[in-house]
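Engineer: Going line by line, the protein sequences match chains A and B.
Letter by letter, the first sequence follows residues 169 to 342 in the working numbering.
Letter by letter, the second sequence follows residues 769 to 1172 in the working numbering.
To be clear, the hints were calculated from the coordinates, so they are not data collected in a lab.
Worth double-checking, as some hints may not be accurate.
Okay, the calculated bits of chain A under chain B, using three or more residues with CB under 8 Å as the criterion [what the hints assert, rightly or not]: (1) 201 to 214; (2) 270 to 284.
Restricting the straight-line Cα-Cα distance to at most 27 Å, the calculated cross-link-like pairs of lysine-lysine (DSS-like) are [to be verified]: (3) A:K221 x A:K208; (4) A:K285 x B:K1060; (5) A:K322 x A:K233; (6) B:K1024 x B:K803; (7) A:K336 x A:K229; (8) A:K221 x A:K233; (9) B:K1060 x A:K208; (10) A:K221 x B:K1060; (11) A:K233 x A:K333; (12) A:K336 x A:K251; (13) A:K208 x A:K229; (14) A:K208 x A:K253; (15) A:K304 x B:K1137; (16) A:K285 x A:K253; (17) A:K221 x A:K198; (18) B:K1060 x A:K233; (19) A:K198 x A:K251; (20) B:K803 x A:K229; (21) A:K322 x A:K229; (22) B:K1003 x B:K1013; (23) A:K304 x B:K1009.
From the structure, some residues in chain B lie toward chain A, with a derived Cβ separation under 7 Å [said to hold, decoys possible]: (24) M925; (25) S1023; (26) L1087.
Note that the Cβ used here is the ideal one computed from N, Cα and C, for glycine as well.
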Amino acid sequence: MKNSSRRGFMGKAFGAVAGVGAVASLYAMKKSWDPLPSVKAAGFTTLDMSAYKENELVTEKWRGKPIFVLKYTADMMASLDEKQKSRTIKIGSSDYMVCLGLCTHLGCIPGYNADEKTFLCACHGGMYDFTGDVTKAPPPRGLDIPPFKIDGEKLVLGEEGPEYKNMKETGVTL
Amino acid sequence: MAHFTKATSVHDWLNQRMGIDTVRRVMATEYWIPKNINFLWAMGMVLAITFAMLLVSGIFLLMYYQPNVDLAFDSVNYTIMKEVDFGWLWRHVHGVAASVVFLIIYIHMFTGIYYGSYKKGREMIWISGMLLFVAFSAEAFSGYMLPWGQMSYWAGMVITNLFAGGSLHADGLVEWIRGDYVPAQAFLSRFFMLHVLLIPLAILGLIGLHFGALRIPHVNNQDGEDIDFEAEAAKYKAGDKAGSKVIAFVNDFMSKDMMVVGVYLVFFFYLVFYHYGFAMDPVNFDPADGLKTPAHIYPEWYFLWSYEILRPFSTDIGLMAFAFAQVIFMMLPFLDRSPNTVPASRRGLFRFWFWAMLIDMIVLTAMGKLPPEGAFSTIGLYAALTFIGLWILLPIITMLEKKA
């Protein structure tokens, strides 16, 4: 400090004040780009699971994204292996696949073939089985499972129930 | 204080206050351009004129466009196209110019690569030019969102998903960019802001930088000859216009420049009036629907080559290859290790490198448009690998090059 001139000091003082201001305004700018509270609050959807028909894919909507709901037939339930079982949601005596209907490759919507019981993504040729597990690249993993909570016969999307937390811990979904 | 006298004319009045004669001399009549050039040197002016047309047509579109997810589609396809007198003209000029501007940018870039115009003091011209390319790409993408058709929506979905970084799963970043879980109102409003204000401002600033970078090293010429601009300019000013290697930017060079611009504009308006369809994807005439993906999602032609570098690989490797392709052209002045600033035809292996790169990018572009099946996937994969391989080879072959 001894050797610095008064102008040098004023320059540094201004630099310090401007630096604080710049960081503060960057923070404000970052926060202004965040999703709004109203957008976040609209992020819950409740599904009545008793209304679905076996092996008929229904696309619901949650947070603007398509949600695939597929009720398994008895044959489908019988054919499940361990990995497929871990992806399945049990409500009452029925098994369901509930997945985000967006290809994990780049987010296109795969189509369901009810006869072959497979999903095919037309964008880049990725394939999934009826539980949403990946069977053909490029998708890096099976269809993601949205946060859910089982509430009797109902399923609340957007809330994390114990079954979902378990799936997340065991790495079944992200 | 400066000394002012009673003005003898409006010109003199302004000149005393703003030195307009000096400005004119520095910017135009004594800004020197080599004589030894060809029509490819006019692409800069062609780009400036195209940008001006984008700006003017954009201003008129802006008066009727509604940046609202419920209204945007109709404001473009009904209000502008059917109700506004000559609304179709502004839209077609805007769409065609957005596409053609990339054709000219690519010609401008490959001219620079061929003649070595990124070397020996011209590095900043190249770098500022590549920054302009990035800014124009962002401008094209954000503008593509605005009609809010199926291609707008799904291109927005796929491109913003790239920011998740594959296995990094930065979904929070993607949601932050969109302002929602999916492209919705917040997304459309902010990309509208980017398209009409922030990116155009950046482009204007970068154009200033690009021109400024040109000032000291001057324009390159057909032989890469080191011209002593001061000596040649002195010759020109002394009246030896035939003996001088340079001419004045205005009017000498400009008159030829505008001749090329004239030919270009005939071609341009031919497209606007009779062949605008290539710039208007039919899929984008369906309104955006977040629950229905179009069968094929492909970008506009000018992004196809980099899209094809992304596509043949698994997600993470594809993203890395894509990121590589986006930045590598910027590094060209430093990867070319040869001191020779001459046309590629006089540069040993580089002449083959130049044509191989040009052809590879055309192949990538063609494969990017075709569905990723069978032979097309294989050709696409090899073309993508060739692209990466060529850049790895560049420092080696240019180091081996003999001094010309």
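Engineer: Does each hint fit the structure? Answer for all of them.
Structural biologist: These are the hints, each one checked on the structure:
For the region 201 to 214 of chain A, the proposed coverage by chain B is satisfied: 6 residues have a C-beta within less than 8 Å of a C-beta in that chain, meeting the threshold of three. A stretch counts as covered by a chain when three or more of its residues have a beta carbon under 8 Å from one of that chain; for the region 270 to 284 of chain A and chain B the count is 5, and the coverage holds. For the suggested pair A:K221 and A:K208, the alpha carbons sit about 31 Å apart, so the restraint of at most 27 Å is broken. Taken as a hint, the A:K285 and B:K1060 pair is honoured in the structure, with Cα atoms around 20 Å apart against an allowance of 27 Å.
A hinted pair counts as satisfied when its Cα atoms are at most 27 Å apart, and A:K322 with A:K233 qualifies at roughly 19 Å. Our distance criterion of 27 Å between C-alpha atoms is met by B:K1024 and B:K803, whose separation comes to about 11 Å. Taken as a hint, the A:K336 and A:K229 pair is honoured in the structure, with Cα atoms around 22 Å apart against an allowance of 27 Å. A threshold of 27 Å between alpha carbons decides the hint, and for A:K221 with A:K233 the separation of about 22 Å falls inside it, so the pair holds.
Distance hint between B:K1060 and A:K208 is fulfilled; the C-alpha atoms sit about 23 Å from each other, no more than 27 Å. As the CA atoms of A:K221 and B:K1060 are separated by approximately 22 Å, the hinted pair is consistent with the 27 Å bound. Only pairs whose Cα atoms come within 27 Å are accepted, and A:K233 paired with A:K333 is accepted, the gap being roughly 21 Å. With a CA separation close to 14 Å, the supplied pair A:K336 and A:K251 stays within the 27 Å bound.
The straight-line distance between the Cα atoms of A:K208 and A:K229 is roughly 15 Å, inside the 27 Å bound, and the hint therefore holds. The straight-line distance between the Cα atoms of A:K208 and A:K253 is roughly 31 Å, outside the 27 Å bound, and the hint therefore fails. Taking the CA atoms of A:K304 and B:K1137, the gap is near 23 Å; set against the 27 Å cutoff, the hint holds. For the hint linking A:K285 to A:K253, the alpha-carbon distance of about 16 Å falls within 27 Å, and the restraint holds.
At roughly 45 Å between alpha-carbon atoms, A:K221 and A:K198 are farther apart than 27 Å, so this suggested pair is violated. Pair hint B:K1060 plus A:K233 holds up; C-alpha atoms about 10 Å apart against a cutoff of 27 Å. Between the alpha carbons of A:K198 and A:K251 the distance comes to roughly 41 Å, so the proposed pair goes past 27 Å and is violated. About 65 Å separates the Cα atoms of B:K803 and A:K229, which puts this hinted pair outside 27 Å; it is violated.
Proximity of A:K322 to A:K229 is assessed by CA-CA distance (about 15 Å); at most 27 Å being required, the pair is judged to hold. Distance hint between B:K1003 and B:K1013 is fulfilled; the C-alpha atoms sit about 9 Å from each other, no more than 27 Å. Taken as a hint, the A:K304 and B:K1009 pair is broken in the structure, with Cα atoms around 70 Å apart against an allowance of 27 Å. With a cut of 7 Å, the hint placing B:M925 at the interface with chain A holds, because the nearest CB-to-CB distance is about 5 Å.
Look at B:S1023: its Cβ only gets to about 47 Å from chain A, farther than 7 Å, so that hint breaks. Hint status for B:L1087: violated, given a least beta-carbon distance of 10 Å to chain A, over 7 Å.
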